[in-house]
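Chains as they are written, first to last, in the numbering used here: chain A, 72 to 430; chain B, 72 to 430; chain C, 72 to 430; chain D, 72 to 430.
By construction, these hints were calculated from the structure, which means they are not laboratory data.
Note that the structure is predicted; figures quoted are calculated from it, not measured.
Any given hint could be a false lead.
Note that the list lumps identical chains together, so a pair holds whenever it fits in one copy or between two copies.
[What the hints assert, rightly or not] Simulated crosslink set (BS3-like; lysine-lysine; CA at most 27 Å straight-line):
1. K286 / K241
2. K157 / K395
3. K429 / K79
4. K159 / K135
5. K241 / K429
6. K286 / K378
7. K262 / K157
8. K426 / K262
9. K395 / K347
10. K429 / K388
11. K162 / K272
12. K378 / K429
13. K347 / K170
14. K234 / K329
15. K79 / K426
16. K162 / K286
17. K135 / K157
18. K234 / K388
19. K262 / K79
20. K378 / K262
Protein chains: 4
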Amino acid sequence: MAGNTFGKLFKVTSFGESHGHSIGIVIEGCPAGLEIDLPFIQSELDRRRPGQSEITTSRNEADKVEIISGVFNSLTTGTPICLLIKNKDYKSEDYDHLKDNYRPSHADFVYDSKYGHRDHRGGGRSSARETATRVAAGAIAKLYLRSYNINIHAGVTQVGTIKVPGKENKFDWSVCETNAVRCPDSNYAEKMSALILETKKAGNSLGGIISCEIKNCPPGIGEPVFDKLHADLAKAMISINAVKGFEIGSGFSAASMKGSEHNDLFQNENDSITTKTNNSGGIQGGISNGMPIYFNVAFKPTATIMKDQSSVDKAGKEIMLESKGRHDPCVVPRAVPIVEAMAALVLTDHLLRSKTNKI
Amino acid sequence: MAGNTFGKLFKVTSFGESHGHSIGIVIEGCPAGLEIDLPFIQSELDRRRPGQSEITTSRNEADKVEIISGVFNSLTTGTPICLLIKNKDYKSEDYDHLKDNYRPSHADFVYDSKYGHRDHRGGGRSSARETATRVAAGAIAKLYLRSYNINIHAGVTQVGTIKVPGKENKFDWSVCETNAVRCPDSNYAEKMSALILETKKAGNSLGGIISCEIKNCPPGIGEPVFDKLHADLAKAMISINAVKGFEIGSGFSAASMKGSEHNDLFQNENDSITTKTNNSGGIQGGISNGMPIYFNVAFKPTATIMKDQSSVDKAGKEIMLESKGRHDPCVVPRAVPIVEAMAALVLTDHLLRSKTNKI
Amino acid sequence: MAGNTFGKLFKVTSFGESHGHSIGIVIEGCPAGLEIDLPFIQSELDRRRPGQSEITTSRNEADKVEIISGVFNSLTTGTPICLLIKNKDYKSEDYDHLKDNYRPSHADFVYDSKYGHRDHRGGGRSSARETATRVAAGAIAKLYLRSYNINIHAGVTQVGTIKVPGKENKFDWSVCETNAVRCPDSNYAEKMSALILETKKAGNSLGGIISCEIKNCPPGIGEPVFDKLHADLAKAMISINAVKGFEIGSGFSAASMKGSEHNDLFQNENDSITTKTNNSGGIQGGISNGMPIYFNVAFKPTATIMKDQSSVDKAGKEIMLESKGRHDPCVVPRAVPIVEAMAALVLTDHLLRSKTNKI
Amino acid sequence: MAGNTFGKLFKVTSFGESHGHSIGIVIEGCPAGLEIDLPFIQSELDRRRPGQSEITTSRNEADKVEIISGVFNSLTTGTPICLLIKNKDYKSEDYDHLKDNYRPSHADFVYDSKYGHRDHRGGGRSSARETATRVAAGAIAKLYLRSYNINIHAGVTQVGTIKVPGKENKFDWSVCETNAVRCPDSNYAEKMSALILETKKAGNSLGGIISCEIKNCPPGIGEPVFDKLHADLAKAMISINAVKGFEIGSGFSAASMKGSEHNDLFQNENDSITTKTNNSGGIQGGISNGMPIYFNVAFKPTATIMKDQSSVDKAGKEIMLESKGRHDPCVVPRAVPIVEAMAALVLTDHLLRSKTNKI
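Chain A extracted, bound-state conformation (with noise of 0.2 Å):
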C-alpha cells in the first residue's frame, strides 16, 4: 500500500518525478467558495523554486503551476483541485551514470530494494523536487487559514554549528524574507550565508534547523489518541526529504527538566484562558490550547558533495563515485516555506476535523 496521500479531510495525493512530464497534485475536501489567489500560491513556489539566489542550486525551474481543475470564477467549486508544474531545466544525462550505482545517504538503493527498479533520473521520486507540489497544495491550505487569521512563519535558525540564540518562539519573523538564508536575525542570516558560500567552494554541504511558529489556532484543534495535533505535525515534518528530528514546545530540553519547571500555569487573561510559560508548545493532550505552536526540524546535510566517494553499484560490486549534477550545499534556506506548507496542510486538515467534535 502506496503512500503518497496526506491529511483525512483536506487530502492531498501528490505525483511526479523530477525528470518526467510534471510533477503535481491533486487536493480533496477544499470547501466550496474559497477565493483562490493564484499570484499567491506562485509567490510561495518562487520561495521553493531552485535557483533564487547564489546559496541555491543552479537548476533554473519556473516553477509555473496551473490549475486543471477544481476552480471555476476564482473559486473553489468542492471538487477536487488539480496543480501541475512541468518540469523543465532537467539534465537527465547528468544522472546516466548512476543507472546502475548507488549514491551514499541517497534512496537509489532502497528505491531498488523495494520496487525492483528505479526512474534513476534526478532521483525521481525519491528528489525534494517533489515537495514543490506541497508548497502548491500548502499555499491554498494557508489560503482557508486565512479566514481564521491563522499564520504561520518559519525561518532558518541554525545552519551548520551556527545557531541563532534564544526561544523559538521569541523571533521576528518578518525578518526573514529579507535575506537569502531567511534567518530571523540578520546578523546571523549573513553568517550562515558566508559559511553555506564556503563550504559550497569546499564541495561540501551542511545541515541545519528550521524554527516555525503558528499563531491564533484556536483551542480545540487535535484529535486523540493518535492523530494528535502535535503527532501529524511530526509526521509532516519528518516526511520532508533530509529531516532527522522534530520537536515540539521545549522538546528535548524537557528531558532535563523538573515538573515544577516545566507544567504551564493557567491563568485569565483579559478573559481569556493562557498559559504563563509555554513549554507545551501550544498543544497539550494532542490539542490545541490557543498558546502559539512551535517546533523545531533538522536538517541533515545535503547527500549530494562535490568530492568522490565510495559506495556500490546494483551488482554489490564496490566502485568509486565521482560526484556531477547540481545541488544546494545547504537545503534549509529552501525548505523554510515546505516547513509552512506542511504545517498549513496539517492544521487545514485538523481545523475541518474539528468541525464535528461536538453536536
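Go by the hints and put chains B, C and D onto chain A.
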C-alpha cells in the same frame, strides 16, 4: 473526525477511559494463522503496569488482558482481534475536586474546549492508562515480527540530567530488564533510580529520554513520500503521552554536521550491501536499508506533582490547586514497553504494506 | 487488508464470532454531547434478536448490550464508544460435524480458502450474528438523526412469491411493528406468516424483499463522484448477510422507461423546491435532493434447510450433509432493523461529512 | 469530506470537470514492474469515447490519454501514475442558459445546494465525462488482472423493453464488440439499435441493463464483513452516472426462490471444488468461491431529452426549460467499458488486499 485508529493494514482502534468499565483495542488485519502466545502478551503488559516497583505509581492494576475475538485454537483467524483490560483499582473520588478545575499541563482544559464536557475521572480518555492497550496490541505485532526475526529493544538513556554516554545503537539492551529504570547501563540505572526517589520525595517529577533500536528489518520497508517509515515512527512516538521530541539516526546533531561526515558510504559486506556508518538510522528516503533502525524519544516531566499550583477553573476564575492522587515521578521506565509497542505496530503495518510493492 | 470498518467520520469497527466470548462494535467519531438512550438501543436489538416469535430461529439470546466506553453522565464524550453483547445460548456441539465439511451456499469453503482455517462454530465470523452489533451502532446513529428529524423506516414487502402491491414510498410503516413479519400491510403480513410457517414445516426456506424509506433528509448530502449517497447505501445493504440486490427509486424498472416518463420535474411547493415525481428516489448525482429516499433490498432464502444435501469436505471428497442446528426459515423479518441500522450509519456518516462542504 | 477516491490498495483519485482544462486520475498502489500497454489503454477509452457511432452523442472528443508520472521504460515504478485527458470539443455557450436554471433529473440543483455554487458548463463535475478517467485507470487494472488470467466482460442485455433472454452467465461476450450497442446477441443488437434511433428521432431517451461476467477469479478474494466483494462491486456500479440498481447472481429473483432451489451444491470437478449451480454469482459470504462472478446493472434513461420541460430556477421561480446540447439517447452502449473498468478496479484492489490474509 476522530483519531483513535492507527495503522493502515495492521490497524488498531483503541477505546476506553481511565475510570470506565474497561479499556480495550481492536486489531484489524492481523494475518490468519499467527500463533497467539497469551502469556507473552500479559508479560508485556506487566512491564507497563502500574505498581511494579517503588519508582512507579502506587495505583495497582493487574492489567489482565482478555481475548474477546479473532483467535481460535490459539491461532489468529484473520478476523478482528478484540483485547479487553478491566479497570479495577481506581479511586474516582480523588478526582472530584477536578471536575471543574484545570490541572496545569494536563488535557483537562483542551478536552472541555474541544468536546464541551469531559469525563474528569483520572483524566478520562486523556490518561496514559490508554497506552496499556497499545502495549497489548504491540505484543501481537511483536509475535508477527518474530517470524521475520525482527526485534525491537528500547531503554531509558536519560533521566533528568543524568544521561548514559555513547551512541544510541551501541547499548546492551539485555541489561534493561535487570533494573527498575530499564536503563541499558547498570551504573547509570542506579544513579537514575536514586534521582527518581529523591525527586519523588521532594514532590517533584522528572523527564527523560528513551532510545530504541530495531534489528533485522529487511530493506524496502516504508512508503514514500508521506508514509515514510521514520515519519510513521515519529507520529507513533509523538502520539504517546508526554512525548515532546523524536529524532532518528544522527537526529538533531545532523544539523551541525557536514555532508562528508554524515554520508553513509555503501560497502559490500559478505555479499550484502551495508553502510560503513549509520547516520541514516537505517532509513533512507523513508525506506529501510537493512541497517539497524534507531531513534530517541524525549519525554517531559510528569505533569502531576505534589505541590500546590495556581490555575483556573471552568469559568475562568483563578484558583489554587491542591495536589492529590497517585502518579509516577518519572514516566520513562514504564514507557519503555510503550515505545517498543508503537514501533512494533509501525513495523508490522509497513511490512504488510510492502507485500504489494512489486508484481 | 481486512474490511471490518464502515464509514469515514461516523466510523464503526465490528468484531466477534457467533460462538465466541462476545460480539461488539466500536464507534468512532460520534459527536460529543449526544444523549444516549440505552433502553432505545436495547429495543432496537430486541427487534433483531433471535427467538422473538414463532417464525424465527429458536436460538434464544437476550442480546443485552453493555456500553464499555465513550459515554459519561449519559452523554457521548467524543471518544470511542464500545458496545459489547455477550454470546450465551450457543450450542457449539451442533456444529462439530461441520468442522471439515462445507455447507452449500454458506461461507465455510471460502473462509478456509481465504484464511487457511476457520472458527467453524455457528459459522464463526460469517454468521449473521455479527449484524447485532450493526443494529446497536445503528441505534446510536438513529439518536443522532433524531436531532435532524430524519427518520428511517423499513418493512418486508415480499416473502417468497407474495408481494405487497404498490409503490415503495406509499407504505404505512407504522403497521410493520404490529405483525411478526414486519410487513406494512396487515393482510399480506398474515399470508406471509402462513407461508413462512408452512415452508418451515417442509424443512425449506424463503427469500424476500425489504423496502426502506428515509424521510426529511435535507438536500446536499452525499459525496460525488465515488461516495455518492446511494452508492454507499448500496454497499451498506449488499454487505448484509444473504442480500443479492439493491435498487434505488425507480430501480430496475428504470431500464424500460423513457426519459420523458422518468424525469422528475422540479416545482416550487410552498417556497420549497420539490419534484413532481420521485423516480430519483431522493438522490440525484449522488446527492440528496430533499425528497424521500427509498430503496429495495433483495434477500436470498436462508441457506440452512432441514434437508440432506450433497457437498464436499475439506479434502474435496464428496459427502452427504445432514441438516442440524437452529435457523430462521426466512430472514427478512429480523433483517428489517438491520436494513434500518445500516441506512442510519450511512446517513449519519454523510451528514457529518457534509459539514465541511462549504466555507 | 469529499469522495473522489476509490479503492484502498489500488487507489484512484479522479479530478476534472466536463468543460475544464483536462480530466484526469491518479492511481496509487499499482505494483511496480507492470508493463504498460498504452495502445490498450487508449483502445479502452475509444470504446467509451463520444461520437463513436450514430447511436451516441455527437460531441467529438479524441480522449487521448497522456501518462504524466509513475511509468519508466514502459514499466510501472510503484509511484503514483497520473493519467491526463484534455477536454477539447466543448461548447460551453450551449450551457449559458443553464447557469441559473435546474435541469430535471440532473445534478444542477443538488450541486448548488451542497456547494453554494457550481460550474454549470456541461454539468461540470457531475458530467459523465468524468467516467473516462475511470476507464483509463480500469485499463491499467485490467493489465494487472491479465497476469492472473482474470477477464471481465460486460454487454448490453436490455434496452428499453427489449431484453435478451437467457441467463446472464451464458452470453457470448465476443459478440458485443461486433455491434454498436455492445449486445452479446446480434439479432437483439439490431432491434435495440433500431429502437435507439427511433427514440432519438422522437427526442426521447431510453434506459437499459448491462450484464457483466468475471472469469477465473481465484477463491478467497473479498473482505468481510463490510468490504465484501459484491458490496464493493455494488458501490462501484451504483457510483456510475445514471445507475439505479445492482444485483449479483440470482439477484432480485432470489426473493421468490426456496432454499432447496437456490443453494449451490458443492462438487468435486477434476480435483477442484466447484458448485453445481451458481446462484451465488461466484461470491459467498462476501468472498469469491472460484466460480464466475456475474451481475446486472440497471441504467435509467438519459435525463437530457429534446423536449421542453417545466422546472425551476435558482431563485425557485417556475420556468419552462428549452432543450439544447448534445447527448446520448441511451447511455448503455458507451457504459459497457465503464462497468468493466469499475469491476477491474474492484478486483485489482481486492486481489492486492488478499495478499496479507494469511501468514
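Results of checking the hints against the structure:
Taking the closest pair of Cα atoms, K286 and K241 come within 27 Å of each other only inside a single copy of the chain (12 Å); across copies the shortest separation is 41 Å, beyond that limit. For the identical chains of this complex, K157 and K395 are intra-copy neighbours only, at 24 Å inside a copy versus 38 Å across copies, given an alpha-carbon limit of 27 Å. Taking the shortest alpha-carbon separations for K429 and K79, both the intra-copy value of 18 Å and the inter-copy value of 16 Å come in at or below 27 Å. Both within a single protomer and between protomers do K159 and K135 lie at most 27 Å apart by alpha-carbon distance, with minima of 10 Å and 23 Å respectively.
Within a single copy, K241 and K429 get their C-alpha atoms no closer than 34 Å, and across copies no closer than 36 Å, so neither meets the 27 Å cut-off. Proximity of K286 to K378 under the C-alpha cut-off of 27 Å is found in neither arrangement, the shortest distances being 43 Å within a copy and 31 Å between copies. Taking identical chains as interchangeable, the C-alpha atoms of K262 and K157 are never at most 27 Å apart, the minima being 35 Å within one chain and 50 Å between chains. Taking CA atoms no more than 27 Å apart as the test, K426 paired with K262 passes in neither setting, with 46 Å inside one copy and 49 Å between copies.
With identical chains, the CA atoms of K395 and K347 are at most 27 Å apart between copies only, with a shortest distance of 22 Å across copies and 53 Å within one. Proximity of K429 to K388 under the C-alpha cut-off of 27 Å is restricted to the inter-copy arrangement: shortest distance 24 Å between copies versus 61 Å within a copy. Within a single copy, K162 and K272 get their C-alpha atoms as close as 22 Å, which meets the 27 Å cut-off; across copies the closest is 58 Å, which misses it. For a Cα distance limit of 27 Å, the shortest separation of K378 from K429 qualifies neither inside one copy, at 58 Å, nor across copies, at 34 Å.
In the homo-oligomer, the alpha carbons of K347 and K170 lie at most 27 Å apart only across protomers (22 Å), although the nearest pairing inside one protomer, at 57 Å, exceeds that limit. For a Cα distance limit of 27 Å, the shortest separation of K234 from K329 qualifies both inside one copy, at 25 Å, and across copies, at 15 Å. Within a single copy, K79 and K426 get their C-alpha atoms as close as 13 Å, and across copies as close as 14 Å, so both meet the 27 Å cut-off. Within a single copy, K162 and K286 get their C-alpha atoms no closer than 41 Å, and across copies no closer than 39 Å, so neither meets the 27 Å cut-off.
Both within a single protomer and between protomers do K135 and K157 lie at most 27 Å apart by alpha-carbon distance, with minima of 7 Å and 19 Å respectively. In the homo-oligomer, the alpha carbons of K234 and K388 never lie at most 27 Å apart, since the shortest distance is 41 Å inside one protomer and 41 Å across protomers. When the C-alpha separation of K262 and K79 is checked against a cutoff of 27 Å, the pair qualifies neither within a copy, at 41 Å, nor between copies, at 46 Å. Only within a single protomer do K378 and K262 lie at most 27 Å apart by alpha-carbon distance; the minimum there is 24 Å, versus 46 Å between protomers.
When each numbered hint is compared with the structure, violations occur for hints 5, 6, 7, 8, 12, 16, 18 and 19.
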